[in-house]
Structures are given as C-alpha cells and as structure tokens.
Amino acid sequence: MIIEILQQMLNGLAIGSVYTVIALGLTVVFGILGIAHFAHGSVAMSGGYLTFLFGERLAIGFFPAMALAMLVGAVIGLLIERLAYRPVRDAPHINAFIIALGLTMMVEGINLLAFGADQVVIQTPYRGVFNVGGVAVAELRLLVILTACTLIGVVALLISRTKTGKSIRAVAQNRPAAVLMGINVNRVSAIVFSVSSALGAAAGALVGALLAIAPGVGEGLAVKGFAVLILGGLGSIPGAIVGGLVLGVSESLAAGFISSAYKDVIAFMVMIVVLLFRPEGLLGKR
Amino acid sequence: MSLPTVRAIGLAVLVLAALALPLGVTLPYFQHLVILALIWVVLSQGQNLIQGFTGYVSIAQAGFMGIGAYSSTLLSVKLGWPVWLAMAAAPGVTAALAVLAGYPSLRVKGHYFAIVTLAYNMVIFIVLMTWSSLTGGEAGISNVPRPPDIAIGGLVWDLDSRVGYYYLALASAALATLLCALILHSRVGRVLVAIRQNEALIEAAGVQSWRYKLLAFVVSAGLAGLAGALYAHFIGFLNPDAFGVDHSLNAILAVILGGSGTLSGPVVGAFAVVFLPEYLRVAENYRLVIYGFILVTATIFMPRGLVPLVASGLRALAARLRREPG
Numbered sequence: 001m002i003i004e005i006l007q008q009m010l011n012g013l014a015i016g017s018v019y020t021v022i023a024l025g026l027t028v029v030f031g032i033l034g035i036a037h038f039a040h041g042s043v044a045m046s047g048g049y050l051t052f053l054f055g056e057r058l059a060i061g062f063f064p065a066m067a068l069a070m071l072v073g074a075v076i077g078l079l080i081e082r083l084a085y086r087p088v089r090d091a092p093h094i095n096a097f098i099i100a101l102g103l104t105m106m107v108e109g110i111n112l113l114a115f116g117a118d119q120v121v122i123q124t125p126y127r128g129v130f131n132v133g134g135v136a137v138a139e140l141r142l143l144v145i146l147t148a149c150t151l152i153g154v155v156a157l158l159i160s161r162t163k164t165g166k167s168i169r170a171v172a173q174n175r176p177a178a179v180l181m182g183i184n185v186n187r188v189s190a191i192v193f194s195v196s197s198a199l200g201a202a203a204g205a206l207v208g209a210l211l212a213i214a215p216g217v218g219e220g221l222a223v224k225g226f227a228v229l230i231l232g233g234l235g236s237i238p239g240a241i242v243g244g245l246v247l248g249v250s251e252s253l254a255a256g257f258i259s260s261a262y263k264d265v266i267a268f269m270v271m272i273v274v275l276l277f278r279p280e281g282l283l284g285k286r
Numbered sequence: 001m002s003l004p005t006v007r008a009i010g011l012a013v014l015v016l017a018a019l020a021l022p023l024g025v026t027l028p029y030f031q032h033l034v035i036l037a038l039i040w041v042v043l044s045q046g047q048n049l050i051q052g053f054t055g056y057v058s059i060a061q062a063g064f065m066g067i068g069a070y071s072s073t074l075l076s077v078k079l080g081w082p083v084w085l086a087m088a089a090a091p092g093v094t095a096a097l098a099v100l101a102g103y104p105s106l107r108v109k110g111h112y113f114a115i116v117t118l119a120y121n122m123v124i125f126i127v128l129m130t131w132s133s134l135t136g137g138e139a140g141i142s143n144v145p146r147p148p149d150i151a152i153g154g155l156v157w158d159l160d161s162r163v164g165y166y167y168l169a170l171a172s173a174a175l176a177t178l179l180c181a182l183i184l185h186s187r188v189g190r191v192l193v194a195i196r197q198n199e200a201l202i203e204a205a206g207v208q209s210w211r212y213k214l215l216a217f218v219v220s221a222g223l224a225g226l227a228g229a230l231y232a233h234f235i236g237f238l239n240p241d242a243f244g245v246d247h248s249l250n251a252i253l254a255v256i257l258g259g260s261g262t263l264s265g266p267v268v269g270a271f272a273v274v275f276l277p278e279y280l281r282v283a284e285n286y287r288l289v290i291y292g293f294i295l296v297t298a299t300i301f302m303p304r305g306l307v308p309l310v311a312s313g314l315r316a317l318a319a320r321l322r323r324e325p326g
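So the protein lines, in turn, are chains A and B. The first sequence begins at 1 in this note's numbering and counts up one residue at a time. The second sequence begins at 1 in this note's numbering and counts up one residue at a time.
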C-alpha cells in the first residue's frame, strides 16, 4: 500500500512538474500583460508535434529536437503577440480573452491539418527503470522532472537577475510608470511571449514523451495550467510550483486508487474545493 | 416616420416572415438547418446574458446544453415521463446544477471564472462519455421520442413533422429573446450591465453583485438546458459529441459575431454559426482554423459585432438621406 502510494506520488511529481512548466508560461504572460493566454496549451501541443517531427526527420535525439521546437515556439509566440494581442492591448480585457479562444481554435486546427488526428508518442532512448526500495523509478520520469526544474530555474534567474528581467518586473508592477522610465513595453511583451511560448513548446515535448499528444489534449493542458495558478495563487512562481505538484500528485493518486477515467474530474474538483475555501490560492496572500 | 415606428414595423415584418417561413422554405435540408439555428438562438441568448450583458465569459454553455439534453432524454426514455413534462423539466434541472456550479466559480473574477466554467464543461463531457450505464457513452442513446401531437379543437399540431417542430423551436427562440429583453430592461438588467462596466463601483454602491451574477449564470444555463432538450428530441439521437468545449466556443463566437450585449445580435450570430459551416463544407478540414480566424479578426476589427455595425451604417445612411431630400 505504502509502496503503491509512493509509486503514484512519484508519477504525479513527473506530470506535475510538466504542469508547473505550463503554468509558468501562463503566469508570466498573465502577471505581466494581464492576458489569459488560453492558446498556450495548443502552442504546447505544436511544440510536442515539432519535437516529434524534428526527432524523426533529423534524427538528432530528444533534447536537441526539443530545443529546436522551443526556438520555433518562441517565434510562434512573437507572431501571436504581434498580430493578435497587440491590436487589442488597450481594449477591455475580455477582448484579449476572446482572441485567446480564437487563437486556440486556429492553433488546434493548424495542428490537426499539419500533423493529423492520430495520437503521437515521442520515443526516447531513456527507458531505464531503477528500483528504489520497491518503488520503480523510471529514468524518463526523472529526466522530465530534471528538465522542468532546469527550465523553471532559468526563467526565475532571467526574471530576477537580468536587466531584461528588471524591465519585465517593472512593467508588471506599473506599466505607465515603466513607460515613463523609458522601458519599451512592446519589446517587453515580445520577450515575455517568446519566453512563455518556448516554455510551452518544451512542456509539449515532455508531455509527448511522458504520455501522448493528440487533438484536444492542448485545451486540457491549458485548463490544467490555469488550475495550477488557481491552486497556487496568481503571479507567484513558488505558487506555480506547489500548485503544479499538488495537481499532478492528486491526479495521479486519483487515477491509481479511484478511477483513471475520472482522474481529470477529480483534479478539477480539487481546484474547486480550493476556490471555495481559499480563493486566493494555497500560497496567496489574504 | 419616427424611429420607434420603423422599429415596430420592422419587428412585425420579421414576425410575419418567421411565421410564414415554412411556406417559402420547403427544402427539408434548409428546414432542418433553420430549426437547428433557432435552437442555437436559445443557446446564444443564454450565452449573451452572462457574456454580453454581465461581461463574464462562461465556457460551459454546450456542457449545460448537454445536461438539458440528457436530463430530458433520460426522464422520458428511462423513467417514462411524458415527453412534454421531461422537456419542461430539463431547464429546471440544468438551472439547479448551475446554482451549485455557479457558487464557487463566481468567487473568482474575469478570466478565472472563464477557466473554471471551462473545467465544468470538461467534467460534464467526461461524465457523459464515461458513465455509460446511464448515458450510453460514446454510442449514445437512439430513438429519443418527439413530443406527442397537441390537438386543440380541429387543429392538430404535429410535432413529428419538421414544420411542426419548426414552430416549437421558433416559439422557444422568441421566448428566450423576450426573457432576455425583460431582464435587460429591468433593474436586474441594469445591475448586470453595471457589473460589466465597473464591478468595484457597483459593489461600493452597496449592491451585492454576486447575487446578480449568479442569477445571470443560472438563467443562462437554464436557456442552455432548454436548447439541449429541444435538440435531443429534434435529432432523436444523443451522444456527447455535440456538448464538447468546441461547441461552447461556438456559442461565444455566435455572441461576438452577432453583437455582444444586444438582443438581436445572438439571433444573427446563431444563424451565422449554424449556416456558415454548411457553406464551408468544401473546407471541412479548415473549419476550425477559419472559425478561429473569424473570431480573432472580428474581435480586433469589429468588437461590437455585426448588428451594431450594420445599425450604425444604416443610421448614417438615414442621416445623409435626411440632409439631402430627394
């Protein structure tokens, strides 16, 4: 029983770290630009498909393929920001959200046209399994957690330590004041979107290696990403980490002990219960 | 002629045209589409109430439509309720569920509300797919009965015929529109619009906004439930495919395209959303991309929708005609 619980928790940590990466991409865009970038999950799926494609066609291994997909993801993010979101920057927030829904349909449609409706699983050479006190620790799951930690660390450093990060934080705190200080808001939002979409593409690749990618998975991922933000409290990177792990682990335990068909239902119930009792999130300030 | 007279005449012409439509449109295919569009009018009016008036985008409309469709079907097929009673109960069941769902979700604002409602839609879809002992799962339920005929004196209203069902759908669409008009012109409606414009201000003025938001959400879901019941008994076959998230997105598109926060907008939007794919048949694979593109460009270039755009165009034309008589 204990072993089984530990096993499910470990599986949950792996998928939860992917949710954290998704949520991180969403939280930088939301916290800094106030846009609920719902198409993020579908962009992540594009990243997964591209990783699969690069890995197959160029035969360059999983991580180089993922890096390439992240580059393409960054470009997609730039285009989305420039063509879709910037024209409505001064309109009511609801407009940007509806654009996000439209973009979701477009990106999902493009994925469907370009990569077909079949489920895709990205094959990796990391098939080893270690036995730690009866718990099976898959090499791939460890690598996924490590990759997620690296990505989160890099983004946290970018935001907290660099000059660009300083201007990003300034825009998040007070956009008019940041403009008066000579910060180019267009440049900042372009950077934020490309970083966010590159993160999304990486998360898509990890999902593709860990589970599978298929049409419709992206929307689910975006909802999970926002669920993580609701769990963790908005705009906080520690909140995103805690939220992601809580969501991943509870989903995994639910799949193992209650019903795998209803695991998403249970994950969303956790979110709703948190909303009822702590609407500001687990780590949010009252 | 003054503007109100023009409006009254326009409305009368529209009502007459709607009543006489089956005389002119005899092709079953078009009658079928018009009935679907009218069902979508009910759905979109509900969506407009929460999205257009109140300014809270709910992405659960298709899910609530599913609740209505399944509750009416299950009540009539499994419990043997009379079809009319089951159809009348469906909006009530849906609204009751919406009270439960709305309470936690309305504790969060704006985008978060949208995400939570989207999670509801996903939950509803998963349950409909998975609980197959009740819903039949993906294989669905076939032979959902039509409501029985109504005979008043010598007149028989035959709901098995397409024309008969057309009038039921028309009456429902008119009722939904009328309900929204009544709400809009009441104190509740003014509070809802005020919530959209400045929620903090209206709360500061002492209005408990969450009650109004919950009311809008519940009425909106009730209309979706009605649309679901109409849909299930019209098509006669029910499976969860029609109630996925993409259909909720279509309801949002209908409201934006027609004109969010107007009464006629959702009508125009519903017809557009039902008829557009029929004409885009050639590009079936591209439908999602095209719909998304329309949604994005419409939001950027005509955020107020088709109806206000055409209305302001006509008004400008009328003003010009008045300035240059003859």
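There's no promise every hint is true.
Cross-link-like lysine to any residue pairs, in silico, SDA-like; alpha carbons within 20 Å at most [unchecked claim]:
(1) A:K163 - A:L146
(2) B:K109 - A:G235
(3) B:K109 - A:S236
(4) A:K166 - B:T130
(5) B:K109 - A:K163
(6) B:K109 - A:V270
(7) B:K109 - A:K263
(8) A:K263 - A:I5
(9) A:K263 - A:Q7
(10) B:K109 - A:M269
(11) B:K109 - A:I5
(12) B:K78 - A:N174
(13) B:K109 - A:Q7
(14) A:K163 - B:S132
No lab work stands behind these hints: they were computed from the structure.
The hints, checked one at a time:
1. With a C-alpha separation of about 27 Å, the suggested pair A:K163 and A:L146 falls outside the 20 Å cut-off, and the hint is violated.
2. Pair hint B:K109 plus A:G235 holds up; C-alpha atoms about 15 Å apart against a cutoff of 20 Å.
3. For the given pair, B:K109 sits about 18 Å from A:S236 by alpha-carbon distance, which is consistent with the 20 Å threshold.
4. Between A:K166 and B:T130 the CA atoms are separated by roughly 49 Å; this puts the pair beyond 20 Å, and the hint is violated.
5. This hinted pair does not check out: B:K109 and A:K163 have alpha carbons roughly 33 Å apart, beyond 20 Å.
6. A C-alpha spacing of about 19 Å is found between B:K109 and A:V270, which places the hinted pair at or below 20 Å, so the restraint holds.
7. For the proposed pair B:K109 and A:K263, the alpha carbon gap of about 26 Å is over 20 Å, so the pair is violated.
8. In summary, the hint linking A:K263 to A:I5 is supported, as the alpha carbons are separated by about 16 Å, within the 20 Å threshold.
9. Proximity of A:K263 to A:Q7 is assessed by CA-CA distance (about 16 Å); at most 20 Å being required, the pair is judged to hold.
10. For the proposed pair B:K109 and A:M269, the alpha carbon gap of about 18 Å is at most 20 Å, so the pair holds.
11. Distance hint between B:K109 and A:I5 is unfulfilled; the C-alpha atoms sit about 36 Å from each other, more than 20 Å.
12. Between B:K78 and A:N174 the alpha-carbon distance is near 59 Å, which puts this suggested pair outside the 20 Å criterion.
13. A hinted pair counts as satisfied when its Cα atoms are at most 20 Å apart, and B:K109 with A:Q7 does not qualify at roughly 37 Å.
14. Taking the CA atoms of A:K163 and B:S132, the gap is near 56 Å; set against the 20 Å cutoff, the hint is violated.
When each numbered hint is compared with the structure, violations occur for hints 1, 4, 5, 7, 11, 12, 13, 14.
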